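Participant: As a plain string of letters, each chain reads:
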Amino acid sequence: MLDELVYLYAVGNAAVGAAVPTGLRGVAGAPVRVIPVDRLAAIVSSVDPHEFGDESLQRNLNDLTWLAVTARAHHAVIDLVWGSQPIAPLRLATVYRTDENVRTLLQANSDAFTSALDRIRGRQEWGVKAFAAAVPGQGSGDEEPDGAVGPGAAYLLRKRAARDRVLRERSKADDAAEGLHRSLSGIAEASRRYPPQDPRISGRRADMVLNAAYLVPDSDLAVFRKAVERGQPADLEVELTGPWVPYSFATLEEP
Amino acid sequence: VTAGGLPLPSRNRQPEHLQQSTNLADILERVLDKGIVIAGDIRVNLLDIELLTIKIRLLVASVDKAREMGIDWWEHDPSLSTGQRDLAEENKRLRERIGALEASRHADRDDDGADVSPKAPGRERSRQRDA
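First to last, the protein sequences are chains U and F. Here our numbering is used: position 19 in the first sequence is 19, and no number is missing along the way. Add 1000 to a position in the second sequence, counting from 1, and you land on the number used in our numbering.
It should be emphasised that the hints constitute simulated quantities derived from the structure, not laboratory data. Treat the numbers as computed from the prediction; the structure is a model and nothing was measured. Ideal Cβ positions, reconstructed from N, Cα and C, are used throughout, including at glycine. Check the hints yourself; a few may be wrong.
Examples of chain F residues toward chain U, derived with CB under 10 Å [said to hold, decoys possible]:
id: 1; residue: Ile-1027
id: 2; residue: Leu-1028
id: 3; residue: Glu-1029
id: 4; residue: Leu-1032
id: 5; residue: Asp-1033
id: 6; residue: Gly-1035
id: 7; residue: Ala-1039
id: 8; residue: Gly-1040
id: 9; residue: Val-1044
Quick list of the computed label-pair ranges, beta carbon to beta carbon [stated by the list, open to error]:
id: 10; chain 1: U; residue 1: Pro-233; chain 2: F; residue 2: Val-1037; range: 31 to 39 Å
id: 11; chain 1: U; residue 1: Leu-221; chain 2: F; residue 2: Ala-1039; range: 30 to 38 Å
id: 12; chain 1: F; residue 1: Leu-1101; chain 2: U; residue 2: Asp-54; range: 42 to 50 Å
id: 13; chain 1: F; residue 1: Val-1037; chain 2: U; residue 2: Glu-55; range: 18 to 26 Å
id: 14; chain 1: U; residue 1: Ser-171; chain 2: F; residue 2: Ala-1039; range: 42 to 50 Å
id: 15; chain 1: F; residue 1: Leu-1101; chain 2: U; residue 2: Glu-253; range: 57 to 65 Å
id: 16; chain 1: F; residue 1: Arg-1043; chain 2: U; residue 2: Pro-21; range: 30 to 38 Å
id: 17; chain 1: U; residue 1: Ala-234; chain 2: F; residue 2: Ser-1104; range: 50 to 58 Å
id: 18; chain 1: F; residue 1: Leu-1101; chain 2: U; residue 2: Pro-31; range: 46 to 54 Å
id: 19; chain 1: F; residue 1: Arg-1043; chain 2: U; residue 2: Asp-118; range: 25 to 33 Å
id: 20; chain 1: F; residue 1: Val-1037; chain 2: U; residue 2: Ala-222; range: 29 to 37 Å
id: 21; chain 1: U; residue 1: Arg-182; chain 2: F; residue 2: Val-1037; range: 25 to 33 Å
id: 22; chain 1: U; residue 1: Asp-175; chain 2: F; residue 2: Arg-1043; range: 43 to 51 Å
I would like the entire structure built from these sequences, with the hints used as guidance.
Facilitator: Next comes the structure, spelled out in structure tokens:
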């Protein structure tokens, strides 16, 4: 077994070296370093085969505590470097045997990496989540059954009216979310939708009706933000996260 | 401060009324599912990665289902909300209490109960079934 393996975070252009501060540590607390390859550069750490080798990696990826810590460390390195240099982030746990293999990878895919960098340079990823706004229980005044029905029937009618109101509000929130997504997609260069998160994960009581990522050119950022603010009608609470490294839009293939 | 000991860059400027957060679910959605995908030298069984992604999706989509699968790490993640941490501690206390109660009941029923150790209630649960 080799003494060390090479964990690959991201690929940038040659200037990326200056954006990696000395003393920066990444996954498993390993120092972060740069492998320059012609016009490109790989951001890597040397890692322990006992943690990142074939069997260990497989096992660790299914250990959700390890996964959470490693995901945060992976993200922290990428996020920090992205602050000053465009980089194309790799998916979590991309591991090579040697620096030489990383060099070969970059040389063989040099054009694809360069165009991936071009596609995300000067752009930011923004996450938008929309929640069905909690509408305080309006009295069912207009639906109050008249005195012609008995108390049992009146109770059932009230229940039905309440259920219908919840459905109507949810459907209004869904429509508002679709409208918001359409308007943001019109400004963004690209968009991706994620499945809605459970209320206990999102930390909000309300139903999530939109969970999406948008690739926004720096020049359109103000317009995008305005659209997010405008897209908050009474039916919707909107949460904006970012700027993210364009994880959702970094690919080696033409989209 | 992240797990890697790095302060997150504070370049997120939000209008007051828009909340912003970097929660774990948001990060996992991106680093597991997105980013450039190349097969490294260390091959991770793709089927397993897919299963993992499904687990995360379940987690993100439904906490209850994830709990059934024994995935509950977010309860122990200090970066998640205080409320959830309190819940985790309360769960732990309750589990210990139930374990202790079960153990003492077990001890009452088994008069000779030589192998019953009420001091380790957590371990008792698996043994109870054999009794």
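Participant: Next, verify each hint and record whether it holds.
Facilitator: Right, here's what the structure says about each hint:
| no. | hint | verdict |
| --- | --- | --- |
| 1 | Ile-1027 | 5 Å, holds |
| 2 | Leu-1028 | 6 Å, holds |
| 3 | Glu-1029 | 5 Å, holds |
| 4 | Leu-1032 | 6 Å, holds |
| 5 | Asp-1033 | 8 Å, holds |
| 6 | Gly-1035 | 4 Å, holds |
| 7 | Ala-1039 | 8 Å, holds |
| 8 | Gly-1040 | 4 Å, holds |
| 9 | Val-1044 | 6 Å, holds |
| 10 | U/Pro-233 to F/Val-1037: 31 to 39 Å | 38 Å, holds |
| 11 | U/Leu-221 to F/Ala-1039: 30 to 38 Å | 35 Å, holds |
| 12 | F/Leu-1101 to U/Asp-54: 42 to 50 Å | 45 Å, holds |
| 13 | F/Val-1037 to U/Glu-55: 18 to 26 Å | 21 Å, holds |
| 14 | U/Ser-171 to F/Ala-1039: 42 to 50 Å | 44 Å, holds |
| 15 | F/Leu-1101 to U/Glu-253: 57 to 65 Å | 58 Å, holds |
| 16 | F/Arg-1043 to U/Pro-21: 30 to 38 Å | 32 Å, holds |
| 17 | U/Ala-234 to F/Ser-1104: 50 to 58 Å | 55 Å, holds |
| 18 | F/Leu-1101 to U/Pro-31: 46 to 54 Å | 50 Å, holds |
| 19 | F/Arg-1043 to U/Asp-118: 25 to 33 Å | 30 Å, holds |
| 20 | F/Val-1037 to U/Ala-222: 29 to 37 Å | 33 Å, holds |
| 21 | U/Arg-182 to F/Val-1037: 25 to 33 Å | 29 Å, holds |
| 22 | U/Asp-175 to F/Arg-1043: 43 to 51 Å | 46 Å, holds |
When the structure is compared with the earlier hints, no violation turns up for any of them.
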